[in-house]
Structures are given as C-alpha cells and as structure tokens.
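Protein chains: 2
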Amino acid sequence: MQEEIIENLIEQFRTLPGVGYKTAQRYAYSVIEGSKERAEKFSYAIKEAKDKIGFCKVCGNFTDKEICPICLTRNRRIVCVVKEPKDIIAMEKVKTYQGVYHVLFGTISPLEHRGPDQIKIKELLQRVTNDKVEEVIVATNPDVEGEATAMYIAKILSPLGVKVTRLAQGIAMGSDLEYADEVTLAKALEARREIN
Amino acid sequence: MQEEIIENLIEQFRTLPGVGYKTAQRYAYSVIEGSKERAEKFSYAIKEAKDKIGFCKVCGNFTDKEICPICLTRNRRIVCVVKEPKDIIAMEKVKTYQGVYHVLFGTISPLEHRGPDQIKIKELLQRVTNDKVEEVIVATNPDVEGEATAMYIAKILSPLGVKVTRLAQGIAMGSDLEYADEVTLAKALEARREIN
Numbered sequence: 000m001q002e003e004i005i006e007n008l009i010e011q012f013r014t015l016p017g018v019g020y021k022t023a024q025r026y027a028y029s030v031i032e033g034s035k036e037r038a039e040k041f042s043y044a045i046k047e048a049k050d051k052i053g054f055c056k057v058c059g060n061f062t063d064k065e066i067c068p069i070c071l072t073r074n075r076r077i078v079c080v081v082k083e084p085k086d087i088i089a090m091e092k093v094k095t096y097q098g099v100y101h102v103l104f105g106t107i108s109p110l111e112h113r114g115p116d117q118i119k120i121k122e123l124l125q126r127v128t129n130d131k132v133e134e135v136i137v138a139t140n141p142d143v144e145g146e147a148t149a150m151y152i153a154k155i156l157s158p159l160g161v162k163v164t165r166l167a168q169g170i171a172m173g174s175d176l177e178y179a180d181e182v183t184l185a186k187a188l189e190a191r192r193e194i195n
Numbered sequence: 000m001q002e003e004i005i006e007n008l009i010e011q012f013r014t015l016p017g018v019g020y021k022t023a024q025r026y027a028y029s030v031i032e033g034s035k036e037r038a039e040k041f042s043y044a045i046k047e048a049k050d051k052i053g054f055c056k057v058c059g060n061f062t063d064k065e066i067c068p069i070c071l072t073r074n075r076r077i078v079c080v081v082k083e084p085k086d087i088i089a090m091e092k093v094k095t096y097q098g099v100y101h102v103l104f105g106t107i108s109p110l111e112h113r114g115p116d117q118i119k120i121k122e123l124l125q126r127v128t129n130d131k132v133e134e135v136i137v138a139t140n141p142d143v144e145g146e147a148t149a150m151y152i153a154k155i156l157s158p159l160g161v162k163v164t165r166l167a168q169g170i171a172m173g174s175d176l177e178y179a180d181e182v183t184l185a186k187a188l189e190a191r192r193e194i195n
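Chains as they are written, first to last, in numbering that gives the first Met the number 0: chain H, 0 to 195; chain G, 0 to 195.
Rather than coming from a laboratory, the hints here were simulated on the basis of the structure. Each hint should be verified, as a subset may be incorrect.
The list treats identical chains as one, so a pair stands whether inside a single copy or across any two.
As the list claims (entries may be wrong) - Pairs of lysine-lysine, DSS-like flavour, derived with a Cα cap of 25 Å: (1) Lys121 <-> Lys94; (2) Lys92 <-> Lys40; (3) Lys186 <-> Lys51; (4) Lys40 <-> Lys51; (5) Lys51 <-> Lys35; (6) Lys162 <-> Lys186.
Please model the entire structure based on the sequences and the hints provided.
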C-alpha cells in the first residue's frame, strides 16, 4: 500500500522534463520527509497554476484573464513572434520593448511533419491585416527550425508591405570569443558594424 | 497576477533537492502546458503521499500504518541498521533478507555536531534488549560518518553479547577494476576470499 503511494508520486515527478527514475525518487522522498505545510503548498501551487493559467486569446501568452495585459496596453503595430509562451517571459526582461507578441506554439519542422498549418501562422496573418501591423520581429530560436520558420513568415508577409525583422545574431554579451562556435562567429562577422 | 501564480509554482519546485531556478522554471512550464488531468494527478499525489505516509513506530520505515508490514511479519532477531528510510527500499531489493530494520535518521557527525543522542541509537539499544536480537547488521554508507557510526554501534552492543556485522566492502559487481578507487581496492584485497 505505502509502496503504491510512493511509486505513484515518483511516477508523477517522472513526467517532468528530463527527470529519470532516480531523480524522481529523490524528489518524492524529499516531499515525504519534508513538512506537511510544504507538501500542501506544493500540491496547491500545481493545481492553482493549471486551474488559473490559460493562454491569451489574442497572442497565446500565459494569462489568468481572457486577454493578457500586454495585448490590452501595448502598441499593437509591432508584433514579436515567438515559438512558446515562455519565450515571452524571456523577452519581457528587455524592459524597452513596447510592442505585443504572437506565440506560434511550435516551429515549422519537416522532420517532425509540422508544416505552417500546424502552427499559428494563419492567426498571425489575420492579426497583421486587422491591426495594421507595421513591423513583425521574428524571435524564433536561431536553429534550423527557427530559421526556416522566420524565412517562411518573411515570405508570406512581405507582399503585404509589412516590415519583417529578425533578432540580431552574433556573439553573446559577456561571452568568450574562444568558445564561440564558427557559425555564430561567421554571423557576427557578416553583421559587423562601424564604431562611431 | 499570472506572474505571481507562476512564480509561486517555480518557488515550490525550487524546494526540491538540487533544483535551481532554471530547472524549476522548466518544470513549472511543463505543468502549465500539460493537461489538466496530469496537473490534478500530480497535485493529488503530493498531498496523498504526505497525508498518508508516515514513519513506522518501531523501525522508522515509511508506512501508511502505525507499524510497517516488515516489522509485523519478519524475523525480529536480525536487525539491519540504516541511515534513512529510503535505504530500506534499496535493501529490500535483496529479496533474500528475512530480518527487520532500524532507521537511525542520520549518522554520527562531529563536524555537524551530531552525536549518538541526536540519532536513534537509544531506541536501537532498547530493541536489542527487548527483542532478544541476535545479530545487528550495520548498513550505513561506507563513508567517514557511516563508518564512525558503525564503530560506535559495535562498541555499545558488543557487551550485550549481540553479534554486530557490517555489509562487506569491495569492488561492485559489474564494475571495472580500472575505475575502482584505492580505498575500495585495499578493502577488497584485505577481505579477499579463497575460491573453492
């Protein structure tokens, strides 16, 4: 009986990304050995997050309302396109961005049989038309799928007269040139700028 | 508002052993992006485990009863002493062991100001006397603290005429001699046995 309860908890922890049996076991024991208050808070936090957090009807951001505060208050003429809702949280650390977002919920990936129809590209097209969008900043990851998705978006939006830009690629701030890979260095060299 | 709910969930995941902010964030997003059913099961499993699983009054094992099934059904004359309840789960994989257990809930550690009185040694002494224990197998970890604890237990139990043994130390089955450390090899050499 107690074995089943513990095994069940371990199984639940195993559903987390990158968690194997041993790690899940360690997590489960820490819950059982911890305080009752902690377990209750933990249990409640999981339920609350799932119950209350949904996706914004307009942009796909995490929100506890129908439409997220970013969509309601910011400049709708500039749309930053991201792959997942959590990318918005990363982008929002840049306090200077004044535009809104659009979550694709995936990227184009022929290998995984995901074409433009499987992600929210049609919805992006609609927003661009309805909101008279002036600039679409494609902030998908700088990998093969992210690049392909950016290319595709540029191709379908350019005829509409909207400016499509991509986040600059180059060496990361505070990083070490020695450890930069050759593709990044090539991109950085290509996009070099004059110092004034 | 949604930020607080998500942050709260991240904070809860951070209480797990070895989990930093980035990992906790990944776990939290996976819960939010996952199904409602999964979140409910997860939330319930945590609550259930903490509500129902306690420690056996006799041996300290995880149990949902007052006294665990091992204490109720097995040979009380042989007691295997372990550091933590989860060590019992590891030992129980050895299907041949017929005795019971005793959890110390720690080991003697002068560095962390933990003496014999801070762990369940007095209780062990009582059990040895009351249950007419014939053998105590000390299965604490083969590290400095585990060794010191084993020595201490042997010292206080020997005058009572009880046999105190220690799990054999040596090279692990299936391991590679090349990677065995010198202390392990020395122990293995010292405890070498004749092949019949």
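Each hint, compared with the structure:
For a Cα distance limit of 25 Å, the shortest separation of Lys121 from Lys94 qualifies neither inside one copy, at 29 Å, nor across copies, at 60 Å. Taking the shortest Cα distances, Lys92 and Lys40 never come within 25 Å of each other, neither inside one copy (27 Å) nor across copies (33 Å). Neither within a single protomer nor between protomers do Lys186 and Lys51 lie at most 25 Å apart by alpha-carbon distance, with minima of 42 Å and 58 Å respectively. With identical chains, the CA atoms of Lys40 and Lys51 are at most 25 Å apart both within one copy (16 Å) and between copies (16 Å).
Proximity of Lys51 to Lys35 under the C-alpha cut-off of 25 Å is found in both arrangements, the shortest distances being 24 Å within a copy and 11 Å between copies. For a Cα distance limit of 25 Å, the shortest separation of Lys162 from Lys186 inside one copy, 21 Å, qualifies, whereas the shortest one across copies, 72 Å, does not.
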